[in-house]
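Those protein sequence lines, which keep their order, are chains A and B. Under this note's numbering, the residue at position 229 of the first sequence is numbered 229, and the numbers go up by one with no gaps. Under this note's numbering, the residue at position 669 of the second sequence is numbered 669, and the numbers go up by one with no gaps.
Just so you know, these hints were derived from the structure itself, not from any lab. Hints should not be assumed to be uniformly reliable.
Okay, the calculated beta carbon distance ranges per label pair [to be verified]:
no.: 1; chain 1: A; residue 1: Ser190; chain 2: B; residue 2: Gly233; range: 46 to 52 Å
no.: 2; chain 1: B; residue 1: Asp253; chain 2: A; residue 2: Leu247; range: 48 to 54 Å
no.: 3; chain 1: A; residue 1: Ser239; chain 2: B; residue 2: Arg27; range: 45 to 51 Å
no.: 4; chain 1: A; residue 1: Val26; chain 2: B; residue 2: Ala297; range: 36 to 42 Å
Here are the simulated SDA-like cross-link-like pairs (lysine to any residue), alpha carbons at most 20 Å apart as the crow flies [unchecked claim]:
no.: 5; chain 1: B; residue 1: Lys133; chain 2: A; residue 2: Lys5
no.: 6; chain 1: A; residue 1: Lys5; chain 2: B; residue 2: Lys511
no.: 7; chain 1: B; residue 1: Lys511; chain 2: B; residue 2: Leu480
no.: 8; chain 1: B; residue 1: Lys338; chain 2: B; residue 2: Leu302
no.: 9; chain 1: B; residue 1: Lys345; chain 2: A; residue 2: Glu122
In this text, a Cβ means the ideal position worked out from N, Cα and C, and glycines have one as well.
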Amino acid sequence: MTASKVLSFQDIILTLHAFWSARGCVILQPYDLEVGAGTLHPATVLRALGPKPWRAAYVQPSRRPSDGRHGDNPNRLRQFHQYQVILKPNPPDMQALYLASLETIGIDPKLHDIRFVEDDWENPTVGAWGLGWEVWCDGMEVSQYTYFQQVGGLDVSPVSGELTYGLERLALYVQGVDNVYDLAFNDPQSPDFKTYGDVFLENERQFSAFEQEQADTDMLIRQFHDMEALVPKLLASVSRRGQPLVLPAFDHVLKASHLFNLLDARGAIAVAERQSYIGRIRDLCRECALAWVKLEEAGA
Amino acid sequence: MPQLLLELFSEEIPARMQNGAARDLERLAADHLGRAELTCQRLAAFAGPRRLSLVVDGLPERQLDRTEERKGPRVGAPEAALAGFLRSTGLMREDLIQREGVWFARLDRPGRSTAEVTADIVPLIVSGFPWPKSMTWGAGALRWVRPLHSILCLFDGHVVEFGIDGIQSGDLTEGHRFMGPQRPFRVTSFDGYRTDLESHFVVLDADDRKRRILAGARAACARRGLVLVDDDGLLEEVAGMAEWPTPLMGDMDPAFLSLPPEVVRTTMRSHQRYFAVADGEGRLAPHFIVVANIEAADGGALIAAGNARVLAARLTDARFFWSEDLKRPLETRLEALKGVTFHAKLGSMFERVGRIEALARAIASSVGADPEKAASAARLAKADLVTAMVGEFPELQGIVGGYYARAEGVDRAVADAIRDHYRPQGPSEPAPTAPVTIAVALADKMDTIFAFFSIGETPTGSRDPFALRRAALGVVRIVLDNGLRLPLGEMIAATRFDGAGVMAFFAERLKVLLRDRGARHDLVDAVFALGDDDLARVVARVDALAAFLASDDGTNLLAAYKRAGNILNAEARKGALPQVQARRPGGPAAEVGLFDALQDCRPRVEKALAGEDFAAALSALARLRAPVDAFFDGVLVNSPVAAERDNRLALLTEVREAMGRLADFSLVSG
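Can you make the complete structure from the sequences, with help from the hints?
Quick look at the structure:
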């Protein structure tokens, strides 16, 4: 079923929501914290751990402060949108499902060249890695497809399959547009048509300046230390039902991770320090992962 | 004779692993069949994006029947021991035979059918397959490179039944992911498998896929009067990325050709896996070849256009980096190198550049380069590491710096040295020949070697994480190919490093290089033992020595040397050798002859050595051959007269010393 008309940016999202909803996913909202990738949403990182089945799909605005180009570059954004699907355990026909989802948004695999190109994904800050591919459509990477092997430094079983669609890239392709700011955000026929630039260009300009030029690095470093101190405290605290506060602890790991990204974009982290920062975040994440698995196994 | 056919059908296998997987499958299958005493006439494996296949022809129906004898307890051993033996063999006491006081059981082992053996072997091969990286999926425990979906296994046209982690073997396979009917089809033999795959748009054999790509790509180029730029590595890779490889020509804006051709080619190759296309004069043409995996109904027009858009976006980025980078001279980037760690224990890239600069300046005049130019090239050689372009294309380090240097109007020899100082990077790349480049290339490599040796990071076995062996081989090739006279000690002395272990390391590398060129490595040892650190001279000696030892004189003199050595060593074990100088004896004639020959030979050898004419030195030594032979024939070394014995031993010592001026012959084998 090939879409008859070209989809707007939001129609692509709505179409994917309908597709994955029909395949048993819970459709979630973006996580309400600053994150660098859809993977970091607790619906992926934490839910990929432990024995319980889980299927979810959501859009995640992903902030990459170092990639900011002040709205001047037609291909690079400091915040872009990932459409994230997590299927645990991965179904045997996951590739076929993924390809069918591409067809619903107008990419006909009989006319376009769809390839699964080796890419071993890893996210060192959350101690996660997996094997899979970049998916290419006519030479453009449109998705990342991964079978998680470890998360938070722990082996996972069952294995989750993760799909990450680059929504802007897909939209550029589907709409045949060269500049991200020219993408149709909603239906061009609608009474109040908006382009991607109408919605996000000003954000790119202001946040690029903030993240790369104005962010107060001393404050960021202080806050990083605060987060680092808080996470173990939260893990050692319990709710009224006696559960360790893993979810709030993980929120603060995410905050630490974003603070690190801001410091990096400000050029405040020497090359030699990078590994140490990443290692510290990974260790915090690992503590959360261990606590989460314990909780999940107890409740399984 | 019956045939075995196996197909392991999975999700997309990384292209770089396919060839290795096919060879591993062949090796494992041959091992397991061999161990089961099943012989075959042909065994071949094939790998592609979604399948690993194996065909074995000419297998027997079953193993041969065998009779096996097992040794039991001694006759008269306790009853319990005999009972245990009977239990383990399943025989009765009257079935046993007695030989030399021991019970033996004779067991008939009927051969198993090849299909049965196969059903045991394949699960072993699959579960122990040596993928460089493997994974689990779903809720299963099996490891494979990517999820394994089905297994086809036929012996003599019939399914060999077995299951691996829930996957039951069968006789079905699938064709292309998108083209054709996309229904599983039944297979009965290898020939049918191969042709049916082809009619389902899958080319089984990687070599056939390569041929298809080359033919299609060349034809597409020829239609436009253009030429495909051959690239074997890329061909290998793209042949592993498509089951139905379909080359298509795409276009690019000719304005992009104002970028350096290396940048355009790298963008096409490493990011997009496109082949470059050249015009009749060998210049890059504004087109590319992409190898798609489908034949689309529109002839590939959409695919070619889509790829062209992606390439344009990438080249636009590259042009942006190019123009941004050019706004800052290389010299101003040195500061940023302080932020680039070379190695935790070895400081920053900035410090390394300082060392390379000093070393390049120190050795410049020895290699015929202007010291100032060498120093200035060394200082700028690493500046491109902090440009946006090298950030995006790390493989263009050096090349990018060379372009920027030329654009800034830096001296040509300096710019060339920046560009080429990483050379030679592989056996097929020639060593640099321009003097300034030689100075920087040597300094760069020697600094790497000295620095890592100074912190104990030396290569061990197959581990050489800092590629020190390649660096050393590069040095050796630069020195030899340019006939440089540059002793290693001189280079070490120009640094703050002590160079401990470096000499032996170079001896090893030189041995490898000379062995690859067909030289005997024992000769390299024999020459290196003299402690000479001038690589060119070492090689000249080795060459002369090899020629000499191939001659009759050489062989005999070596034998005489060994004989003299044996005698001296045997005497030395009894007590210290006499510390006397040989004198001209009254007789016998053979002893006098050897004394005279030595007197005559020594100055000739020294004269030849002074002129580094090793062939002449060796032919001077060859004059010793006849007198030495006569000496051994006619003189008793171990004379009962002590003075005679001492003089004879002294003569032999002098023969050994004279020869030792050329090489340590005791290390020469044969």
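Consistency of the hints with the structure:
no. : hint                              : result
1   : A:Ser190 <-> B:Gly233: 46 to 52 Å : holds (50 Å)
2   : B:Asp253 <-> A:Leu247: 48 to 54 Å : holds (51 Å)
3   : A:Ser239 <-> B:Arg27: 45 to 51 Å  : violated (57 Å)
4   : A:Val26 <-> B:Ala297: 36 to 42 Å  : holds (38 Å)
5   : B:Lys133 <-> A:Lys5               : violated (42 Å)
6   : A:Lys5 <-> B:Lys511               : violated (69 Å)
7   : B:Lys511 <-> B:Leu480             : holds (13 Å)
8   : B:Lys338 <-> B:Leu302             : violated (48 Å)
9   : B:Lys345 <-> A:Glu122             : violated (27 Å)
Hint violations for this structure: numbers 3, 5, 6, 8 and 9, all remaining hints satisfied.
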